[in-house]
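Asks: Sequence:
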Amino acid sequence: MKGQDVFIVGAGNSAGQAALHLAKHARTVTLLVRGDSLGRSMSSYLVRAVESAANVRVRYRTEVVDGHGDRSLQRIKLADRANGNEEEVSAAALFVMIGGHPHTQWLPDDLARDPQGYVITGPDVLEYAGTRWERNREPLPLETSMSGVFAAGDVRQDSIKRVASAVGEGATVVRVAHEHLRTDEPERAPRSAMGV
375 MKGQDVFIVG AGNSAGQAAL HLAKHARTVT LLVRGDSLGR SMSSYLVRAV
425 ESAANVRVRY RTEVVDGHGD RSLQRIKLAD RANGNEEEVS AAALFVMIGG
475 HPHTQWLPDD LARDPQGYVI TGPDVLEYAG TRWERNREPL PLETSMSGVF
525 AAGDVRQDSI KRVASAVGEG ATVVRVAHEH LRTDEPERAP RSAMGV
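Residues in the sequence shown are numbered from 375 upward in steps of one, following this note's numbering.
Everything labelled a hint here was simulated from the structure, so no lab data went into it.
Please note that the accuracy of each hint is not assured.
Unchecked claim - Below 35 Å or equal to it, Euclidean Cα-Cα: the simulated DSBU-like pairs (lysine-lysine) are:
id, residue 1, residue 2
1, K451, K535
2, K398, K451
3, K451, K376
4, K398, K376
5, K535, K376
6, K398, K535
Build the full structure now, drawing on both the sequences and the hints.
Replies: Laid out in structure tokens, this is it:
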């Protein structure tokens, strides 16, 4: 990326952090934002940092509609959402930082998830509508609505969505699973629904 023009699709904190990091190496970094503001999804301190970076530009109401290159990306076509005009620009790289979705559809239906599919864990299990908890204790940290089944990482509702957090939660699950085995009646071994 050194000395080249790179583009980032996204308007959240991850996109802003990536822009600032890439700005140290690239000639220009352009954030492509579908909406008309960074402030709705990016922390204010990050918006200020992005806006003050000399080689970072923000293009609002813009979408990538095509990409071209022989062996690697060389050009992208951008569309202005306001007027439909299209423009082709040179691009050494395109980073898509628009979030993700949990892939939890394979889990049993009785394992509680929020409307977006994130797994409900810990004390939140008791508060989530439609969840049945059949133990004489509260759910352990990171325990799902199925006793002895634990979830860690990005798959969890309200998780931090960072690798370091997912690793830490994975380590915590080991301790909590041991606690579950030590204190709960031995009906089955714990299973894990890990997600990173």
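Asks: Taking the numbered hints from earlier one at a time, note which ones the structure violates and give those numbers from smallest to largest.
Replies: Per hint list: zero violations.
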